[in-house]
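Peer 1: Sequence:
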Amino acid sequence: MAATLCLNQMVAADNAQTPEADNPDNQLHTINTSLRSGFDQLKQLFTRQKEYAWQDRETAKEQSHDFERDILPVLYDKCLACHACYDAPCQLKFDNVAGLERGASKIRVYSGLRLGDTPPTRLGIDAQTAAEWRRRGFFSVLDAPQEGGQETLPLLQSMIDFGRENPLPQQDPIPDEIRLDLSRRHACPEPGEFARYREQNPHGGMPLVMAGLTDGEYDRLSRWIREGALIASTERDGSADAADSTHTEEIRQWERWLNRDDKRARLLARYLYEHLYLGHLYLESGEGANSRFYALIRSRTAAPAAPRPVATLRPNDPVEGDFHYRLARIDDSIVHKTHIIYRFDRARRRELMDLFDSQDWSVDTLPGYDSDARANPFETFAAIPPRLRYRFLLNDALYFVRNFIRGPVCRGQIATDVIRDQFWVMFESPAEERFTNRKAYREEVSPLLGVPGQKSSLISLGPEWLDYKAVRNRYLDRRTLRYAEDFPQGPGLSQVWNGETHNPNAFLTIFRHHDSASVMAGWQGEQPRTTWLMDYPLLERTYYELVVGFNVFGSVSHQAQTRLYFDLIRNEAETNFLRLLPPDRRKARYDSWYQNSGKLKMLMTYHDLDTTTPTQVLPGTDDSYTRVLQQLKKRSPELTGTSDAINRPETDHWSPGLTPEQRDTHRTLRVLAARPASDLDLVRWMPETTFLRVDHADGSREALTLLRNRRHSNVAFMLGESLRYQEGHDTLSILPTLVGSYPNLMLRVDAEELGDFVGTLLDVDSEAAMQAMVGRWGLRRMDPDIWPVFHSFRDLLETQAPLEAGVYDLNRYGRW
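Here my numbering is used: the first residue of the sequence shown is 433, the next is one more, and so on.
Calculated from the structure, these hints are not laboratory results. Predicted, not measured: the structure shown is a model, and the values here were computed from it. Among these hints, one or two may not hold up.
List of simulated lysine to aspartate or glutamate pairs, EDC-like, C-alpha gap at most 16 Å [said to hold, decoys possible]:
| no. | residue 1 | residue 2 |
| --- | --- | --- |
| 1 | K1066 | E1082 |
| 2 | K482 | D593 |
| 3 | K1065 | D1084 |
| 4 | K871 | E917 |
| 5 | K871 | E811 |
| 6 | K695 | D789 |
| 7 | K1019 | D1040 |
| 8 | K901 | D1040 |
| 9 | K871 | D918 |
| 10 | K887 | D749 |
Restraint ranges, calculated between C-beta atoms of paired labels, are given here [said to hold, decoys possible]:
| no. | residue 1 | residue 2 | range |
| --- | --- | --- | --- |
| 11 | T1045 | D754 | 47 to 55 Å |
| 12 | V1103 | T1058 | 34 to 42 Å |
| 13 | A779 | A863 | 20 to 28 Å |
| 14 | R628 | P599 | 37 to 45 Å |
| 15 | I557 | H1085 | 46 to 54 Å |
| 16 | L1032 | A916 | 25 to 33 Å |
| 17 | P1234 | R501 | 20 to 28 Å |
| 18 | D1182 | V1103 | 16 to 24 Å |
| 19 | T1058 | T1231 | 50 to 58 Å |
| 20 | A916 | S1132 | 18 to 26 Å |
All residues carry an ideal CB built from backbone N, CA and C; glycine is no exception.
Go ahead and model the full structure; you've got the sequences and the hints to work with.
Peer 2: Structure, rendered in structure tokens:
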């Protein structure tokens, strides 16, 4: 057990792959910190969950500050950037005021050591009051605890006081001995432990190693805490309630439609709910930044009573008693990392009605919620015509892919360490996709398409994985045969969905940022090493494996099963694309994707590559992989995004929507893009995600993203990622928009300095040179300007895509 613990923690630290990790002293410090963190987790396995006493906090009758007007903006500006989602330190969440009252916990959400599932701690679902959370291991940060008969300061006050002591220099990088990576040891002092915490963490005040509160912010927050931390407002203007009232009728129409009583309607409502429950649904597409968002939930109550969520772990878990599908208003502050939007207006309801009424179908018996039904959506929803289900997913593929690639898990390395840092995605045409069009074939293979993860005990890991791997490969035997018989001449370009020439969901790009990822419409960046071609079974299985069936509170067995099966899904999507290449050229390309240790997976795990079926795609005499992609781009130029002249030096097609100033910016920056680290030293020193703001003389601003694409010999294994790392092949993609939720570095440049800025970047060849560049144009953690610049990126996204804007996250910001 100790060996497993050490390996898990050391690999987690090693996989961070930051430049400073090359320093031997830093490596020793990281290993030591990781071991301490690992043993903290091990101790937690054998420690009974502690309960804390709840006390009714006294508040002053006269309040100096209004919570919503004076206090909430401070928490929004200086705390929300780290304290949201499951990776909020100590589970102290500020994206909803209920999280502030709930407090903090020593319980870790992310743990690779759990032998069994841990009880979930979802705010607003698993407990409803502060007293209930105290019994679940959460302690207050607002109450003034008694210690030795004396009242001490509330933890929040102690933390912000501590944050003002002994500040680090504003213009210097953070010292090496202060660890800020995600694998660091997290200390969550409960009442009575703060003195020891101060001693062990001399720079552990809040905000953590970041420019702190202004004097005015500190005074307001401190006075509010002293007066009892009243979480209420005396100056509500009623605008939120007024916004809700405009949606009352639309909500009523949706809920009436979703809760119809006939079997067909009930099965369809279940299918829609399981695919939309994570979305932030907006009911009026014209509201932009002022939109209110809603969540589709299973509620104990029917209208007109207030929605009360059913506290099941997964959306397809059984429910005792009746429930109703309801739209619940999302009151959380919108943070970008969990903000996956879906249009849910009157036009959408008409689209769904037209789609699912376009074929005759009926339901004799409603499926249950047992483990078999949860694991296999193809059998559970067999009564709904599969062509309609596939079309439902295709029409908004960006949303569904974002659910399983970006998702709200917030630290998704379970999914992301099995994908490349940049690749393109496309989908099989619904007219030629076989599962949805061949009934006999569908009935034959549907039992083979279940996904693992329902059994989470450690003893089930090996047998479950072996069974699902064997069944998956049997399915591919039948699939290969079916496609060969139905397409004796092989696949043509017509087998790739072209989005009916107008749907931007047809071609997507996925960028990985170590333990998070982003999805964009169109083919963005340079030509990637790999490309996916997904059919309906691939798309649906991926969604159910990584979204519906995944439990962030699950055991190591559950997490490993999820990771291993997604490895099979990725391989299947890649080899499906290879069918477009001439059969004699597939193996060479496949071998380049699975170099060195990857060949063990090819031999022992993956299905045999099809090297016999012909293709109708004529690649010419040059690189067949490149040629196929070129033909697809030529066939759908608007949807694939042929105007990316920054990252593709072979083209000079610029987007017609660019202003002259933007085009100048892009021309100046393109010299940095798509060049390997072996040719451009700068790449070796860049972090995963860099936000760049360019300020123009007329007062306008533009935002771009520099993404580091790390290259690996293969991505086929759970551990030892750094052993497969090929740094010399790393490149930068430069995107003319904001990509990612977690900036590792922020840069601010005046447009007239762009030439000098790029020249400096071209000369970066060491950590000292990188730090000098950051000192001139970057935002250091202790620089007071970091906060307005950080929030300006959210404002810039709001001008580009107002519905998608949300506060970014600083948990992964570098030691600048």
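Peer 1: Which numbered hints turn out to be false for this structure?
Peer 2: 2, 12, 14, 19, 20
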